[in-house]
Amino acid sequence: MIKNSIVSTGSMCLKSALLAAAVLTVPFGANAQQLDLSVLETKTEERRTIRRLTATADQMRLEGEFSELRLALYAPRDEALLYRKLQVDYLTAVSAAPEYSNLSVTINGQFVGDIELTSGEQASLRSFDLPPGLIVEGFNEVRFVARHKHRVDCTIPATYELWTVLNPANTGLVFDPGADTAPKLVSGLEVLRAIPNDVTGSTNFRLVQPANMSMSNLDRSLAVAQAVAVFGKYQNPNIEIRTEPGTNAGMDIIVGTRAELSKAGYAVGRTRSGIQGLVLMRSPETGRLSLLIAADSRPALDHSIAQFQEALSKLPITGTQRGIKVFTTKFGYEITPGTAVSLAELGVSSQRFDGRLMQRDFSIRLPEDYFVGDYGKATLSLDIEALANLSNANRLQVFANGAALASAELTREGITSRSPVNIPLGGFSPGFNELRIEVSSLTSEDEVCDVSSLNGVDRLAFETSTSTIEFDSLARMRVTPSVSPGNLLPQSTADNRPTYIQVPSNDRNSLEAAAQLAVAASAINQIVQPVSLVMGAGDVGSQPGLIVAPVNRLSGLAKQAYTDTLQDTRRSASRGHVANFVGLETLDANEPGLWADLRRYANSAWRNMGFKLGSEFQTQKSFKLEKNDVLISQRTTDLTPQESWVAFFGAPVKQDVWTVVTGLTGDDVKSGVDTLLREGRLAWLGGDTSLYKTSDNTVLSDRFSEANYFASLANPSELRNSRLVVAGVISHNMLDFVVFMVLFGVVLAFSYYVALRKSGR
Amino acid sequence: MLKFLAYLFATVATIAMFFIATLPLSVEVQLFLGLFLLLAMQFTKAIPGTLGRVIFLSLGGIIVGRYVYWRVTQTVPPIENLADFVPGVLLLAAELFCILMFFLSALIVSDRYQRPRKVLTRDEDAPSVDVFIPSYNEDPGLVACTIAAAKNMDYPADKFRVFLLDDGATDQKLNAYDPADAREARDRAETLKRICDELGATYLARERNEHAKAGNLNYGLSRSEGDLVVVFDADHAPAREFLRETVAYFSDPKLFLVQTPHFFLNPDPVERNLRTFNFMPSENDMFYGMIQKGLDKWDATFFCGSGAVLRRSALNEVGGFSGVSITEDCETALELHSRGWKSAYVDRPMIAGLQPDTIASFIGQRSRWCRGMLQILLLKNPLFKPGLNFMQRVAYVSSALFWLFPFPRLVFLLAPLLFILFSMKIYIASPQEFLAYTLTYILAVVTIQSGLYGKLRWPWISELYEYIQSIFLFPAIISVVLNPRSPKFNVTTKGETLEKEQLSVLAWPYVVVFVLMLATTGVLFWRLENDPGQTALLSVVGIWHVFNLIVTGAALGAILERKEVRTAPRIRVQRKGLLKLGEDTVPVTLVEANTNGVLMHFDKVPHSGNMLGERGLLKVLPAQKQSRNGSTSTDMEDFGPEDGISVNIASQRASSSGLLVGAGYIDTVAKCAQASSDLVFADLSIPRALHNRKLTGASPIGGMLRLVRWSVHYGIRIPVVAFFSLFGSAARRKSARVENDLPETFMTPAE
Amino acid sequence: MLKTVISALLAIVLASSSAVSDPVFGHGAREKDALSLWLRSAWRDYKSRFVTDAGAVIDDANKGISHSESQGYGMVLAVAADDLDAFQLIRDYSFETLQVRNDSLFAWKVEHTDQGPNITDINNATDGDLLIAWALLEAYKRWDNPDNLASARKILQDVATLLVHETSLGPVLLPGAMGFVEDEGKTLTVNPSYWVFPALESIAQFDRSANWAEIAVVGEEILDLSQRAPTYLPPDWVDISGFKLVPSDKFPPEFGYNAIRIPLYLAFSSNAFREKKAADFSTLHGFSNPGGPAVTQVVTGAIQSTMSEIGFRSIVALSRCIDTSEPFPTSLLQFGSDSYYSSTLQIFTVLALAERNPKCLSPEW
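Residue numbers (the numbering used here), protein chains in the order written: chain B, 1 to 761; chain C, 762 to 1512; chain S, 1513 to 1877.
Excised from the complex, chain B in its bound form (with noise of 0.2 Å):
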C-alpha cells in the first residue's frame, strides 16, 4: 500500500535512496548545509564544515582573571586526520584590556596558541592551525585559559567584570568534509560519542514516527536516545518528534516492526552492525548520525534495543589519556568519603599567578543517597604560597553550588596543608556539586593603581598536586520526595516495570518536554530508566510517574503539588525555628527601620562567623509561575508510623511518586526546559519543589511537604549511619533539639535527686 501521504523533498530523497541502495541514506538536500559561516568574509571554493565542541552554555563562560576550560572533543577516525583548524567564535568584556588579555588554547596537553582578546560589542571570530597527527581518533583534551586584566580598576570588585564568553554555534574544528556528500554506513558504535552539537550548542534527537506508527514505538526510540544519551554523556539533549528525519547537526532515531518500516518506506536489508537489525549512517558534511532498529515483532525489537544498549555499556573509552580523564569526570569527579583527593586528580592545574583575585572552579559528585546536613565537615588544605609580600588583608574564600560557605585568612606566607579549611557538609548537595576557590592577592602597592606596573610579578604559587579535599563520614540516606536528578524519574512501585510518563495527548511541546528530561536525567545519572508515554486524553496526573503538562491540565496530586506552591502553606519539617524566633529569617532585604537593620547585622555577623542559620534552603521566596519559568515538584503517599520506622532502619518500602513538570502553557514548559538544560542548571534541583526562572537563570528550591527518610540499601540499619542522619536532622531544627535537651536534662536531674536522696543519711 503505497502511502501517499505528502512528503517533504528530504524525505522523497531518501526513500529513492533508500530504495535505490537496499541501504538507509540520509537525504542532503541543497539547503542541509545553512552553516553559520556566513560570517567569514571570503567565501573559499572548498567545502568547510563544523563540528562544534559540546558543552553547556555556563560551561562556555571564562570569567576572572583567569580561567581556565577543558572540554572533550571525540573524533571519529575517519575525521581526525582531516581537522586542520580550530575556531573560536569569542566575545569579552568591554573592562578587560586588549594588551593585556589573552586566550590560548593546548590540545592534548600541547600548547596550540594564543589570541589576544580584543574586546568590543560584537563577536569576533579566530582560527588555530592544528598541527597534523594532534588530533588522535577518540577522546582529545580541548584546554581553553584565558587572562584578562581590567583596562583601569585594580580592585578585587572589579575583576567580577571580567569574562569572555565562547559562542557555542561557531566554536568547534573546522575541516573540508571532501566532496562526496552522501551519507556513509557505520560500523562502530563508538561513534555515538561525536554527535555534533546543533547552533544552540545542544544536541538534537529526532524521533522518527511516521504517521500512522503505534504510539509504543514512541517508548522505544526514546529508550535507544536515552542509551546513547548515556553512553555520550549529551546532558543538553533537545528532542523533537517527526514524521520525517532531520537534515542539521544532530541525530535520528528510526526503530519499528519490519513490517511498519516498510509502510513507511523504510526497508532494511542485511546489516554489518552485528546487531540485528540495526543500521547506523552518517553524513560526512553535517555529521549527522541516522540510527534504524526493525525487527519482526514488539518483543524482537525489545531484544534487539537491549542488545544495542549492552553493546554500547561495553565499548571501552579510548582516545588521549587527559581526553579519557575530562570525559569520565565531566559530571564531577566521584568522592568516596573517607580518601583525600588531590585537586589535581579534580581536574585543577597548578598555576603561578599574578592578578589581585584567584578564582578557580572544580566539580565533585557525592553519592545520590547523600544526607544533607551539618554533622561533619569536609576539609580543605590548600598549598598557595605567597611569592609577592602580600598585605594582610586577604582572604581565601569557598564556595559550594553558589553559596560561601567558609572563608580563612592568608598568613603572609599564604596557606599551608597544615591549617586546613574545615567547610560545613550542610552546604553540599547529593550527586554534583560545583565548587569554587577564591584567594585575594592584594599587595600593599595595590592602592595606587597602575595597570602597566601589575603584569608579569607573580604572587600566589598554587601547587594543585599537594593540596587535597576530603570529605569524613557522609551519612547515607535517600530523602524523598525529592527533585534532585536521580530522582527526578521516579522507580515504579513493582520492580522492573516502566516509570510512566504521562502528557496530555495533543500537546507536542510537552511531549517533547517530556522526553528531554528522561533522557537528560538518564545522561546525568548514567543509567537508562525504562520509560513509558501514556497520552491521556483529559488531564493528566490520575497514575504515579513523571507527569509534564501545562499548568491548566493537571488532576490529581500532581494539580495538587502545584496549587501547594500558590498558597504559600510552607511549612517544611526541616526549617529550623530558632531563626524565625530570633526572626532573623524572616528578613527581607527591603525591611526598613532601626531594628531590622540591626537584625541584619547580627544575621551577616553570625554567617561571618561560619556559622548558617536556617534551614537547608537559604531564604524565603515566592513561588510565582511566570512567563517561560518551569517548575518541577515532587509528591509521595505518606508512610504510614511504622512504615517510616521501618524506611529509616533499612527495609525497602514502596511508595508511589508523582513528579509534576508544569509551566504556564506547553510552550512554556518547553522553553523553559530548554534553557534549563542548556544552561546546566538540572543537577541544582533541590529540595521537593523547584523553580527555575529562566529570567535571572536561578533555582529556587524549598521542601513542602513532610520528608521521609529512606536508609539507602548500601548500609541499611548500620547504627553509625543512623546517628549521623539523626544529627543532620537535628542539626537542621536547633531550638527543637535544644529544648528536649534541657527537658532531658531535668528529667536525668530528678534521678539523681531520687537515688540521692535514698543514699546517706
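Keep in mind that the hints were calculated from the coordinates and are not lab data. Hints are supplied without guarantee of correctness; some may be wrong.
Stated by the list, open to error - Derived, one-sided and incomplete: chain S residues facing chain B with beta-carbon distance under 10 Å:
1. V1730
2. D1736
3. A1741
4. K1789
5. S1794
6. L1796
As the list claims (entries may be wrong) - Each computed DSS-like pair below joins lysine-lysine, with the alpha-carbon atoms no more than 25 Å apart:
7. C:K1455 <-> C:K920
8. C:K1015 <-> C:K1146
9. B:K559 <-> B:K627
10. C:K1432 <-> C:K806
11. C:K920 <-> C:K764
12. C:K1455 <-> B:K758
13. C:K806 <-> B:K758
14. B:K330 <-> B:K233
15. B:K85 <-> B:K184
16. S:K1575 <-> S:K1871
17. B:K263 <-> S:K1871
18. C:K1054 <-> C:K1146
19. C:K920 <-> B:K758
20. C:K1015 <-> B:K758
21. C:K1054 <-> B:K758
22. C:K1103 <-> C:K764
23. C:K1146 <-> B:K758
24. S:K1544 <-> S:K1559
25. C:K1054 <-> C:K1103
26. B:K627 <-> B:K758
27. C:K879 <-> C:K1103
For every residue, glycine included, the Cβ atom is placed at its ideal position computed from N, Cα and C.
We have chain B already, so just place chains C and S on it with the hints.
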C-alpha cells in the same frame, strides 16, 4: 528495693544522656545548646532546695560532659609530631583532673545536711571530759589565753579537766645538745608550769618527741581517763558554750567525733597583704561552710585536728591517734570510719584561732597538710580500704586528691606560653569550635562555682590562692610521691610580729614567673601585629594568657608582707567595768579588747585630767548578771587586787561621745589570760555576726576587675621593690622600734 | 507525625467500604445506544443458544459439557448486558451443581446426562473461579446485593490460600488445586491465560486476602519470559522450576485456544502498559495470520491450524485497533452462528472496543 530502682533509673538516664550529648552535631548547634543550657542554669539557680541544686548541677554536667567528649576526641594533636602530642596530652590530663574534681565536689555538696542543734541542759548525766592543749613552741601568753578560755567553759567544774601537753619541754628538749635551746626550753617550761598552777590546769610533758603531735596526744590519753577527749590547738581558744553545744550528740553510742568549724580572728597572710579581710569571705569559709556539711551528709566528716570532741573508747579501739602520716587527725578519722564509727559536724564556730602571720609560715602549714594528705592517699589508700561505704571512699579520695591541684595549675600557666613562644599546636580547635565548646564550658564552671559557693568564695580567688600555693607545693608533692614516708612534722609558728613592710622570703619565684609572663605578653602582641594568619587562634590563646598574667600579678600583692604591729587581733566587745585610778573608781564601758590590752570609753572625764602612764585596777563585771537583769550595779563596792587586773594607761584620745582610753595588762600572764579569755573568747557572737556579714556574693566581672586592679598595682610596685631590695638590701638594715601604742590603730569594722 | 496518622486512618476507612469509584464492567458499551442495541441482541441470542433453563452454560463445541469457566463467562456477560434474572439463574445453578468441593471453589467440569448434571472431575479451574468471583463483585457493584460480595470474598479467600503459590518470580496462580505441582513444589505448570487482568484489577479493590495487584504484575513477568525468539508467541502452558521458565512438556508447546485470550485480557486492563502489550501482539507472526490467528508451534513457528471463527479474528482486529487505531471491520459484528467460545470472545472484544478505542468502530457505532 526502691533504692535499687532509683540507682537503675539514674544509670539508664546517664547512658542515654551520653548517647545524645555525643551525637556528631555541627558547631552551630553545639553553640546554641551551650548557650541555652547556660540560660536554663540561671533560672534553675533560683529554685530553692536540693532538687533545684541537682538540676542546676546536671545541666552544668551536660555542658562539661560534652566539652570532655569533644576535647578528648577532636583536639588532641596527632601522634606523629611528638613535639605537639606530649604537651597536648599533659594539658588534657590537667583538664581532666580538674573536671574529675568538679564532678566529685559537685557530688559531695549536692545535698548538704543541716544537723539539728542539740544542747546539754541537765548537768548530772554530763560525761567526764578531758581537754588536751598540745603546745610546742607557742608564746606562753597565747597558751595561757587558751588555757584560761578552756577553764572558763560552761560545764560542771568537776566533770572536766584541762591538760597542757607541752612538747616543747620534753626531757629530750630539756637536755638538748645545744645549751641555749636547753636553757630556753627550761625557762618556757617554768613559765608554763606556773601558768597551769595559777589557772588550775595540769601540765604534762613526755620524755621523747616521737610521732610529733600524735605521740603527744597519745601521751595525754595515757595520763587521763575522761569519757570524751577534746583537742584544742595552742592558739585555738574555745568559747564558753563549746562543751554544752557538742557533748549532747554523744548520746548516740556509735558516734566517735563531733567537729566544729575553725574560726579565725585575724586575716590570713594573703588577706592581710591584699587587705581583703574586712569585706571578702576568707579561704576556709568554703570548706567549713559548705564542704563539711556535704561530708556530714555522707557520714564522712573531716577531723581537722582541733576544735573537736572524740570518744575515748573509739580512740582506744585503734590505739589512740595514729602517727604514720603527718596529718594524724585525718588518718585517725579514716581508721575509725572504716570500723563503722559515725561522725558529726556542728556548723557553729565556737573556737577563735590565729592564722599564720607570714606567707612563709602559711605556705609551710599548707605544704604540711598537702604532704600529709598525699601520704594518706598513697599509704592508707582510702579507695580500697575495707569497711568504708562508697561515698566515704569518694569523700576521702576527693579530699586527698584536691591537694594535687598544683599540677594542673602550673600546666595551665605554661600551656599558652608554648603556643605563643614556640607556636606548638597543642590544642587543635577552630575559633568557632573554641567559642562553641570551650567558652561555654568555662562559663558553665564559673556559673556553677558562683551557684554553689557564691557566698563563700568569690570568683577567681580560688585561682589566686591555688597559684600562690602551687609554686611551692609542687616540689613538696614530688618529694612525697618519691618517698611517701620521708616528710617530718614542722609546726606552724603563730603570733610572729613583722616590723616593716618587706618582701616575703619566698618572693623570688613569684617575681620571676611574673616577669616571664610579662615577656610572653610582649611576644604575644608583637605576633598579633605581624603574623596575620594566626590572629584567630592567637587571640584565643592570648585571652587565656592574659588571665594567667593577671593572676600572677595579683599574687605578687600577696607576697609583700604588710607591717603588722598588732601581735594579737582586736575584737569589739560590749562589757561594763570599774576602773580604780589612785583612789577614785570610775564606771567604764569596754569597747575593744585583745589578749594584751583593752580600749575603754569614759562617759564623764575624770577630774585628774591626763592619765598617761598611770597604773590602775580594772574590774570587769561578769556578762551573765548584766544580761539577765540588765541593770548595772551602780554601787561601787570596793574590790581588791584579787578580782581586778592591774593595767597601765597607754593612750588617751577624745572621741565624739567622750574619752577613749587604751590600757595594757601588766599583771601576771595567768591574770591577763583570764581577763582576755573572759573578754575576748567567752562570747564569740559579735565576731561571728561580723564574719557572717562578709559572706556576700560578688559578680565574676567585679572579681575580675578587682584582680586586674591588684595585678596592675602590684605588678608595677613589687618588681621595683624586689629590684631595689636585691641591691639596696645592705643599706636599710636598721630595725624599727616596736611601740606598744595600742589605741591609735584599731580595726574599723566595715560599715 | 499527626498528618501521617490521620491519612493512615483515612486509608483504612476507604479500603473497607466498596470502592464506588470504578464503573460497572461493560458500561462503555451500554452508554452508546447503537452498541447497547447490538449488545442486547447478541446477549439474547447467546442466552437462547447456550444458557439452559436450569442456568447451565453449554459449551456446544466441547461435547455439550459445562465448566466453571463457561458459567463465569455467562455471569460476567449477564452483568454486562444488565440482565439480573439470567445472572441469578446462572449463579444459582453454578453454586448448586459445581460447588461440590469441601471448599468454596467450583468443580471445573460437569456433563449433562438425561438423569441430570454429573460432575466428572472435582478438581477446580482457577480462571473459572476468578471469573465467577469477578462477576459476583460486578453484580454487587451493579445491584448492591451484599450476598454477592460475601460469597465472592469466600471464593477469593480459598483461591488465595489454595491456589496462590510463592515462586522465585513472586506469587503465582496455580491452574488447579491438584495436579499442577511436582516434586514437592519445585516445578509448577501454569497457564498464562488464567491471569484474567480485568478481574484481578477489580478484585484488588475489594479483597485483601492476597496481594492481587502483585499477582497481576507477576502474570505480566511470566508473559514476558514466556515470549521467546523467534515467534515471541506465549505458549498455552509453561513450566516454572526455580528460575527456569520453559514451555510445558506436559502439553503441546503451542500458542493455541488458551493463549488467544491473553491479548483480549491485556486490552481490557486499566493499566496503560498492559494495553500496549496487547498492541504489540498485532505484530507477531502467527497471531496476525491472514484469515484468523493460527495455532502455532512457539519454538519452530510452524502453523498447525487457523482459528477462523469470528471471535478469534475479532481479537486480532482489536489488537490492531489499539496499535495503530486501524478501523474494526464491521463484518466481525455478525453474531449468532459461531460456537459458544467464539461468541463469548466476540462479545468481550466488542465490550473492549467500546471501553478502549471507540473511534476504531465506524462513526455511526
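Hint status (Cβ of S:D1736 to nearest Cβ of chain B, threshold 10 Å): holds (8 Å)
- request: For the pair supplied as a hint, B:K559 and B:K627, confirm whether the alpha-carbon distance does not exceed 25 Å.
  value: holds (19 Å)
message: Holds or violated: C:K920 and C:K764, Cα atoms, limit 25 Å.
response: Judged against 25 Å, a Cα distance of about 45 Å means the pair is violated.
task: Would you check the hint for C:K1455 and C:K920, treating anything up to 25 Å between C-alpha atoms as holding?
output: Between C:K1455 and C:K920 the Cα gap is close to 38 Å, so the pair fails against 25 Å, i.e. violated.
message: Can you confirm whether the C-alpha distance between B:K85 and B:K184 stays at or below 25 Å?
response: holds (24 Å)
- prompt: Between C:K1015 and B:K758, is the straight-line Cα distance small enough, at 25 Å or below?
  reply: Holds, because 21 Å separates the two Cα atoms, which is no more than 25 Å.
message: B:K330 and B:K233 were given as a pair; does the straight-line alpha-carbon distance stay at or below 25 Å?
response: With Cα atoms ~8 Å apart, B:K330 and B:K233 stay inside 25 Å; holds.
query: Given the hint that C:K920 pairs with B:K758, does the C-alpha gap stay at or below 25 Å?
result: The given pair, whose Cα atoms are some 40 Å apart, is violated under the 25 Å limit.
message: Is the interface hint satisfied for S:K1789? The criterion is a beta-carbon contact with chain B at less than 10 Å.
response: Nearest chain B Cβ about 8 Å off; hint holds.
- prompt: Is the hinted pair S:K1544 and S:K1559 satisfied, with a Cα-Cα distance of at most 25 Å?
  reply: Cα-Cα ~22 Å, so holds.
message: Tell me if the straight-line CA distance from B:K263 to S:K1871 falls inside 25 Å.
response: holds (23 Å)
message: Next item in the hint list is S:S1794. Is there a CB on chain B closer than 10 Å to its CB?
response: holds (8 Å)
Checked against the numbered hints listed earlier, the structure breaks hints 7, 10, 11, 12, 16, 19, 26; every other hint is satisfied.
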